[in-house]
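Sequences listed follow chains A and B, in order.
According to my numbering, the residues represented by the first sequence are 1 to 297, in order.
According to my numbering, the residues represented by the second sequence are 298 to 693, in order.
Keep in mind the hints are simulated off the structure, nothing from the lab.
Check each hint, because a few of them may be wrong.
To be verified - Derived contacts from chain B toward chain A, CB cut-off under 8 Å, selection only:
id, residue
1, Y330
2, T331
3, L351
4, L452
5, L466
6, L662
Claimed, not checked - If you want the footprint, here are the derived chain B segments under chain A, 3+ residues with CB under 8 Å:
id, region
7, 469-481
8, 508-517
9, 614-625
Just so we're clear, the structure is a prediction, and the values are computed from it rather than from any experiment.
We put the beta carbon where it would ideally sit given N, CA and C, even for glycine.
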Amino acid sequence: MTILLQTLATGLAIGSVYTLLAVGFVMIYKATRVINFAHPSLMLVGATTTALLTVQLSVPFFVSVLASVAVVALLAAVIERLAVRPMIGKSVFAIVLATIGLDVAVRVVAGRWIGNAVRPIRDPWGLDTVAMGGVIVQQRHIATFFVMVLCVGALYLFFQHSRFGLAMRATALDQEAAAVQGISVGRVFAVSWLIAGALAAVAGSFASSGVGVDQQTWLIALKALPAVIIGGLDSIQGALVGGLTVGIVEAVVAVYQPGAIPVLGQSFALVAPYVAMFLVLLVRPFGIWGTREVERV
Amino acid sequence: MNSNRGLAALSAGRARPPHVVADRKVRHRHRMYTSYAQQRAILNTGARRKSVLLIAGMAVALTFMMPDEDLVLLSVGLAAAIGAIGLNLVTGYAGQISLGHAFFVGLGAYTASCLGATGPGREVALGWDGLVWFPAAFVLTGVVGVVLAPVAVRLRGLYLAIVTLGLVLIGVHFFRELTHITGGAGLGRSGPSFTFAGFELDVDRNFLGLVMTGEQISYLFVLIVMIAMAACASNLVRSRLGRAFAAIRDRDLVADPMGIDPFRVKMTAFGVSSAYAGAAGALLAAITGYIEPSGFGLSMSIQYLAMILLGGLASISGSIAGALFITVLPRLSQSLAGLLPFMDDSGSGAGLLTAFQLEQILYGLLIVLFVLVEPGGLVGIWNRIRSYWRSFPFTY
Numbered sequence: 001m002t003i004l005l006q007t008l009a010t011g012l013a014i015g016s017v018y019t020l021l022a023v024g025f026v027m028i029y030k031a032t033r034v035i036n037f038a039h040p041s042l043m044l045v046g047a048t049t050t051a052l053l054t055v056q057l058s059v060p061f062f063v064s065v066l067a068s069v070a071v072v073a074l075l076a077a078v079i080e081r082l083a084v085r086p087m088i089g090k091s092v093f094a095i096v097l098a099t100i101g102l103d104v105a106v107r108v109v110a111g112r113w114i115g116n117a118v119r120p121i122r123d124p125w126g127l128d129t130v131a132m133g134g135v136i137v138q139q140r141h142i143a144t145f146f147v148m149v150l151c152v153g154a155l156y157l158f159f160q161h162s163r164f165g166l167a168m169r170a171t172a173l174d175q176e177a178a179a180v181q182g183i184s185v186g187r188v189f190a191v192s193w194l195i196a197g198a199l200a201a202v203a204g205s206f207a208s209s210g211v212g213v214d215q216q217t218w219l220i221a222l223k224a225l226p227a228v229i230i231g232g233l234d235s236i237q238g239a240l241v242g243g244l245t246v247g248i249v250e251a252v253v254a255v256y257q258p259g260a261i262p263v264l265g266q267s268f269a270l271v272a273p274y275v276a277m278f279l280v281l282l283v284r285p286f287g288i289w290g291t292r293e294v295e296r297v
Numbered sequence: 298m299n300s301n302r303g304l305a306a307l308s309a310g311r312a313r314p315p316h317v318v319a320d321r322k323v324r325h326r327h328r329m330y331t332s333y334a335q336q337r338a339i340l341n342t343g344a345r346r347k348s349v350l351l352i353a354g355m356a357v358a359l360t361f362m363m364p365d366e367d368l369v370l371l372s373v374g375l376a377a378a379i380g381a382i383g384l385n386l387v388t389g390y391a392g393q394i395s396l397g398h399a400f401f402v403g404l405g406a407y408t409a410s411c412l413g414a415t416g417p418g419r420e421v422a423l424g425w426d427g428l429v430w431f432p433a434a435f436v437l438t439g440v441v442g443v444v445l446a447p448v449a450v451r452l453r454g455l456y457l458a459i460v461t462l463g464l465v466l467i468g469v470h471f472f473r474e475l476t477h478i479t480g481g482a483g484l485g486r487s488g489p490s491f492t493f494a495g496f497e498l499d500v501d502r503n504f505l506g507l508v509m510t511g512e513q514i515s516y517l518f519v520l521i522v523m524i525a526m527a528a529c530a531s532n533l534v535r536s537r538l539g540r541a542f543a544a545i546r547d548r549d550l551v552a553d554p555m556g557i558d559p560f561r562v563k564m565t566a567f568g569v570s571s572a573y574a575g576a577a578g579a580l581l582a583a584i585t586g587y588i589e590p591s592g593f594g595l596s597m598s599i600q601y602l603a604m605i606l607l608g609g610l611a612s613i614s615g616s617i618a619g620a621l622f623i624t625v626l627p628r629l630s631q632s633l634a635g636l637l638p639f640m641d642d643s644g645s646g647a648g649l650l651t652a653f654q655l656e657q658i659l660y661g662l663l664i665v666l667f668v669l670v671e672p673g674g675l676v677g678i679w680n681r682i683r684s685y686w687r688s689f690p691f692t693y
């Protein structure tokens with residue numbers, strides 16, 4: 001029982017990282033109808049910036065995270081303006097490929113600094129743990145979870161209670177109608193990418209706290225894709241539930257699968273999210289909360 | 298008069314191309330087809346017949362002009378071209394974005410290796426002939442493609458892209474774990490022996506006084522296989538099925554009431570595409586002689602997408618051009634690295650970038666640039682040059 005609770009706690013923490021990334025994917029999708037395959041590189045830049053600031057320049061952790069949020073949000077906005085905005089109206093395939101191309105290029109630049117070593121992040125927790133009624137939980141996991149709740153909560157308030165949040169929801173519903181009402185659709189695109197980039201930076205920084213940044217860190221962001229698909233591409237609450245589900249699935253599989261089904265191999269947990277995604281899609285092709293695509297001939 | 302002849306030939310059901318006569322009259326490239334048969338023909342104009350012959354002749358001539366190590370690189374490029382043609386069938390022609398192509402390439406490579414590799418080793422190696430392992434890799438991957446297709450066929454656009462991405466990551470995991478087939482991560486295994494009908498392709502030989510190295514023979518062999526498979530693909534896309542692919546790509550909802558079954562057509566597209574990928578994987582494994590599980594990951598899938606994008610979507614010759622371009626890109630960036638002042642060519646980590654990193658950046662930026670500036674790819678550029686000179690000195 002203790003092991004199960006511990007596993008669930010770990011799962012919630014990993015899931016929080018996926019949720020932050022998944023919400024970014026969904027925001028960009030809702031605004032611009034694009035899946036941003038450059039998201040892994042944004043997350044990597046965020047984690048790298050935090051590592052650079054905390055270790056090389058000895059900046060306190062939280063200040064570094066804020067700085068890296070600013071850097072990545074700006075980078076995302078630049079990508080949107082230079083590469084994605086000119087492509088409005090082009091085929092999905094072209095836009096997907098453009099973001100993949102950007103991802104490859106940006107990741108190499110960030111990876112150049114990382115090198116072959118693991119770059120540590122100087123954070124307040126390291127791998128310290130805390131015991132909560134017999135269940136041992138890593139402090140960084142608790143921090144990640146709370147930061148996720150904070151970010152998602154703030155986003156919820158922003159969408160529901162701010163003028164610009166309303167504008168963003170309107171744009172997601174119908175771009176032309178929104179533009180007619182005086183909403184600057186271009187600014188909505190930019191802000192969506194800005195927020196998604198900021199969330200990616202937070203996710204990257206917290207995912208690498210304690211363990212550091214290396215060449216494989218970007219793969220974490222790919223695992224947010226099953227979360228998005230499970231929840232549904234255009235649903236923020238879907239991203240939240242999908243992200244946490246994927247995290248829990250991964251943690252549970254990591255603990256129980258090597259003993260229960262050893263045939264699947266040692267690191268099966270790393271691909272378990274994708275298997276879960278296949279299973280969900282077999283039943284619901286547009287995810288659990290996704291809008292079923294209705295098309296007119 | 299020509300059009301009458303063409304229609305007569307068509308109605309009589311004869312295949313004799315009527316444009317041969319037209320060719321003698323008009324020296325220039327045709328701007329109009331004079332019959333349906335001519336429009337559908339595989340080499341539909343005199344200029345195309347000549348240019349295909351010329352390029353094929355040059356490719357054969359390269360055998361005797363290039364050093365052996367460059368020929369190996371070109372052979373890899375030609376094998377990759379088969380895979381790129383396959384991806385172009387499903388993505389360019391049928392419009393289904395697949396990020397999972399590397400999985401099928403890997404499947405073909407491992408099928409061929411298990412059946413065709415020789416010698417004692419930890420891995421399965423049956424040592425069969427190329428006449429067995431090559432068709433087996435082609436058929437088996439095609440079947441797996443058809444089996445997996447129903448999941449993919451339910452999905453559209455971005456959902457499909459993400460699911461195929463998942464497929465490739467799951468694939469790499471199992472390639473790494475199944476050590477008795479793949480040798481395991483970091484270790485790898487040997488490829489199939491390059492023997493067809495008992496004839497070893499990768500040893501030096503003397504053909505009636507013409508001495509050829511193994512590399513030259515394998516290059517020629519891969520070239521012939523590639524041309525044959527490209528011709529098959531060209532035939533496929535100008536057939537009824539090929540037009541169904543295009544209809545599905547352009548609007549699958551409309552294709553349905555027009556009598557095209559989207560499910561069956563998409564499944565066929567996935568099947569043929571995977572089979573081509575399997576053939577490419579088998580040849581790649583045979584040429585390089587060594588395969589490692591991590592090679593069949595997401596980056597290979599992206600490479601294949603880059604090939605068809607840079608070459609030209611929905612174009613067979615574009616797929617070939619793109620595959621060759623992406624394959625020689627590392628060599629290009631190495632030469633470029635020698636010319637740029639900030640490059641690190643000593644391997645000491647002193648410079649700004651290594652050749653490999655430059656290659657990766659180049660290739661990411663090339664994708665973006667082509668998408669933004671020339672979505673038609675290399676073929677699009679070629680078409681533009683051609684139409685510029687056709688109407689020279691007028692702009693249209």
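Now the hints, each set against the structure:
1. Annotation: Y330 (chain B) was flagged as interfacial toward chain A, and the flag is violated, the nearest CB pair being 28 Å apart, outside 8 Å.
2. Checking T331 (chain B) against chain A: minimum C-beta separation of about 34 Å lies over 8 Å; hint violated.
3. Taking 8 Å as the C-beta contact cut-off toward chain A, the hint placing L351 (chain B) at the interface is violated, the least distance being around 32 Å.
4. For L452 (chain B), the interface hint holds, since its Cβ comes within 8 Å of a Cβ in chain A; the closest pair sits about 6 Å apart.
5. At a threshold of 8 Å, the smallest CB-CB gap from L466 (chain B) to chain A is about 6 Å, leaving the interface hint in force.
6. Below 8 Å, beta-carbon pairs count as interface contacts, and L662 (chain B) has one with chain A at about 5 Å; its hint therefore holds.
7. By the rule of at least three residues with a Cβ nearer than 8 Å to a Cβ of chain A, the coverage given for the region 469-481 of chain B holds, with 4 such residues.
8. Judged by the Cβ-Cβ criterion of 8 Å, the region 508-517 of chain B is not covered by chain A as claimed, because only 0 of its residues qualify and three are needed.
9. Residue count for the region 614-625 of chain B with a Cβ under 8 Å from a Cβ of chain A: 0. That is fewer than the three needed, and the coverage hint is violated.
Figure legend: structure checked against the earlier numbered hints; hints not met, in rising order: 1, 2, 3, 8 and 9.
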